[in-house]
Amino acid sequence: MSDLGLKLNYAQADALTFGNGPVVQPAPACPHPLLHWISISLLILPDNKPPSWWPRETGSSEEQYTAKITNGNKAGKIDLGGSVRFDQIPAGTCQFQVSKEFYSKIEKFFKSELPE
Amino acid sequence: MSSMYKKQTKKWYEVDQPVSGLETDLFHQIYVQREAIPLVFVPGIMGSRLRSTGTDGKGDHYGADGLPNLRWDGPSNLDFLLKHFSGSDGRQRKSMLVGPKFKDDYLEVDNQKPIGDGFHGVLAEYCEKFLNPLKNSFWGPLQKIFEFPVYAVGYNWTDDAKNSGQKLAYRITDIICEADAVTGFCERVILITHSMGGLVARWASEFGGAKSQILGIIHGVQPVTGAPAAYWRMKGGFEAPGAWLKGLTNVITSNILGPSGPTVTPVLGNIPGGLELLPNKLHRTNDGSPRWLTITENGVLLKSVPQANNPYDEIYSIKAVVRPKRGEQPSTNHYWGLVDPDLLDPRFSITWHEPLTTNNALAAEAPSGGDPWAHYLRMLGIAESFHDDLGKLAHPHTFCFHGLCHETADVIELKIESIFLPVDVYQQRGFCGLFTNVAGKPMKATLQPPAGAGDGTVPMGSGNALDAPLGSGNPEPGDDSFDVEHQPAYEDAEVLDYTRRAIISLAKLRYEGKRGKVK
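In order, the protein sequences belong to chains P and G. Going by this note's numbering, the residue at position 31 of the first sequence is 31; the numbering climbs one at a time, nothing skipped. Going by this note's numbering, the residue at position 126 of the second sequence is 126; the numbering climbs one at a time, nothing skipped.
What you were told as hints is all true, and nothing was included just to trick you.
For lysine-lysine, the following PhoX-like pairs were computed, each having C-alpha atoms within a straight-line distance of at most 25 angstroms: (1) LYS108/P x LYS135/G; (2) LYS519/G x LYS111/P; (3) LYS105/P x LYS519/G; (4) LYS100/P x LYS7/G; (5) LYS111/P x LYS11/G; (6) LYS135/G x LYS105/P; (7) LYS319/G x LYS444/G.
Calculated directly from the structure, the hints in this document are not laboratory data.
Here chain G stands alone, though its shape is the one from the complex (with noise of 0.2 angstroms):
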């Protein structure tokens, strides 16, 4: 039986080539395949949503565990965040998200099967002010020959981020046979991460394999080398800045997060993904400096560290023995460590007595079966890893913007004064540390309150540690910076133009590889 109908296939890149020997009394049907190039968001710490592994994700079903199926959730889902974390201590957070020892296969990511386009598995703010209006975008004539389909990708953010990179890269590969199978031609995807899912993204990219996978990546407020907030809120919880109805927003959001270093040290220095957040080897102030902490007294700088651009030697390393020994005159403490090994696995807390719970799977855990500070040095030889190997490698075809205009912890002070009170060493978002000066008084170093410039957790020198020199020949719309806040910097409308045009600054990059440069 012939066919009235004659249909031929050109790729996007070929539709003006000339089509000889069409037949009369025929139906010429030329179809257009246009290529598929997936974004690909990748989110920041604690923006996917996390269930204990193998179980049904949901927040009211409990495991034999005596915890909740669902373990971490965005603010939609406030009576869970509530809950179980606001007013939690640090024994029941390390439970929900580290167990009695870190294993990386103690929690994943709460996809639906099958994954979709990932949206299920990440915090549904992102979806709601961000994925949905890229969905919408207008992409004008680029419609003709490109699709852009959206997907998330959560990753367990626990985990060394090594891992999740590689995880990264594999799914880069899947979502690109899928897309390949709608279309019939997808060979790359567009990475646009938020915070930490730049690091997972560029450890995909760089060492996972899936560079020639990738056409560019998009960065938002990534903290490249490192976050000196880190650091401050293992000591003194998360900050709640601002005033008002925003103060109070903010409280309730360090409330869930942790407002005290006995609430946030049992999970974030337990975790290698928490760790990989700290200040690296590489990382400078904003005004270019590499001790980025110190220690002031009376205007005088008494002490900064690192000196020789190794904090995890000069920092992280060192036990924070927040107290004098008794008749130590001066005391030798140094209160100033990342870590005090008394918080880390608080059933055994020294320091930090909290009323038992009444939940019997927490009382009942098993020892951890090894020394908590042992643990913490090998988590953090996992983030040293991380950051040495990964550097400031990143994908050839890189945008990044970064936030200002929020207080931001950029150099972090410990400012010491007499004491003439009893004073709390773990206060709600604060810290300080205790010592005895040679006259053998009494002192306290007071963690000071964030007071550099970046979006808030991010201080610029970190944020903008990728950006291309000026006047490299850097493509539109280049790098840049916007007056956003970390953790909703997506939600912002300039920011959401800014992507859009890097998208299409990328796919002009792939459309030039294909045709030409645009002239």
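One chain only, chain P, in its complex shape (with noise of 0.2 angstroms):
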């Protein structure tokens, strides 16, 4: 529990107390039904100590996506960092779905390098 009210998990109070943990948004906790949030990131697993010659590790691309969030139906693209974030919703297990769009690039590359 800390000073300014704000309830913490125990992850966040070790990241402030220390500062060796991952840096996230405290999440405040309050009795209003939508102060609620949810992060969901799509990331290619990074390589397992790679070899010095191993191929680079690409970045993440804005994929579509579609989402059952506990306030209803939501669509559109993740971030350059692979992440959408949905804040100031009921509290509850949401739905989360890559769009088809993820294997249809990588088709027309097929279809454009290698023309029947």
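Could you use the hints to bring the two separately framed chains together as a complex?
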């Protein structure tokens, strides 16, 4: 419990106290039903100890998604960092789905490189 | 302690499946697990750097045998090649690459420990001009789902390609394990082969147990059914076509590889790997004839072999006696046989006398302990067995390209003429078989310069022997041909682009195997 009246979970408290945890936005706990949030990221799984000559990592791309968030259906693009965040939503569980566009870009590439 | 982060991983082909049960007030991280598809390059003969087994592979470190630890390298190490090969006689070459008698563990690939990407074991030219550009290829959105690490796998090209193929199969398993440890997902590799590497790769696939670990194979300038150039070079040395600077470069190359029969035969005639490049029983000329060795006189065809599709019986196991027996009229010497027995073991040569070198180790070499001809026939038997077993077997997903526009030994012609002046049987980049005709006149049969279509080494008819028939539905980019020379074939920009597209085609095959057909 902090002096600022914010309720932090243990991980956040660790991060603030020791400075060695992930930098996160404090999630204020409030009796107000809409003061909840969710962050969803789509990321390339990092290679595990790749040799020096291994291909370089690639960044995320702006993928389209649909989501069933606790306050309704959403659709859009994740940002260049690979994330999307919804704030001020009711508590609960959500569903997230990457659009088939993820694959259609690849299939377009196949067609452009290998014209019939 | 609870975590604000919840991670889950999805394989690349299930990214569009809905992810449910994501709780609020958490950071959810969905990781896409990409699949590694290693691109494994298998070089051609003389494309792997070899060292004396168990040594450090340094060219300036010498073993107890008085020979350098490094035994073969590419043009980037020109000093080494000039010092140990250019101008060297057959005995020196044989000592470097074969030893007193061929043993499969005499040499090994000069790999680093650990092997890593394997680039150290192959000629630097491959790395600079093909493998590094391949590493930097543009894969577009495929990078979201695949990784293409590039490996090279050298092999002891003096050895039987069966052994090299088996070792390649084991190495493929190791590469897959390594790539799986990095990405968590690797099941298959793509092989890219140059020349003899195609034979090695096909053996790994069809007999080495690697087929299911190979997504597909891209073959470049492969002597599928062999190359008459191997015959030409054992008789007359390595050619040096071209004029001016190109010709000069080729003369240097020829001098390094062996400019005459007596410098080439002691090596190629004593190693299974060399003999496996000879035309096999399935070989056909560019015109479709099985008879690729001819003897002509005044434009008239006097002899053409093999007549029964068996060059082993009809050419290779016939002793080449290159001069007529005194008093025989007509002489019956088969100067056109592949190997002059006197050339096989230059230490005991009776027709090719070279001054002894000051190299004590060479002079002190123990006798091979057997008849060189009998040993040659054993090596030939290994090659024949390899050829018979492999035939035209190939991985089901195979792309091939071959080279054109360079004069290539296709139909070998020995042209009979009268002798007016004394002639050397073994010349620099040439050969003349001597005999006596029915009238008792001395005659010569001169090996004619290569004149067929191909890449300078592999004729078109062998390079395209695995090509899918037209209209068979072979996927893009299909099989193809380019105006490329044999050795530097992969340095060509069009070939690099073709290879890249063939890789994309095989990646598409993998994609469709998981996601269904691309519409």
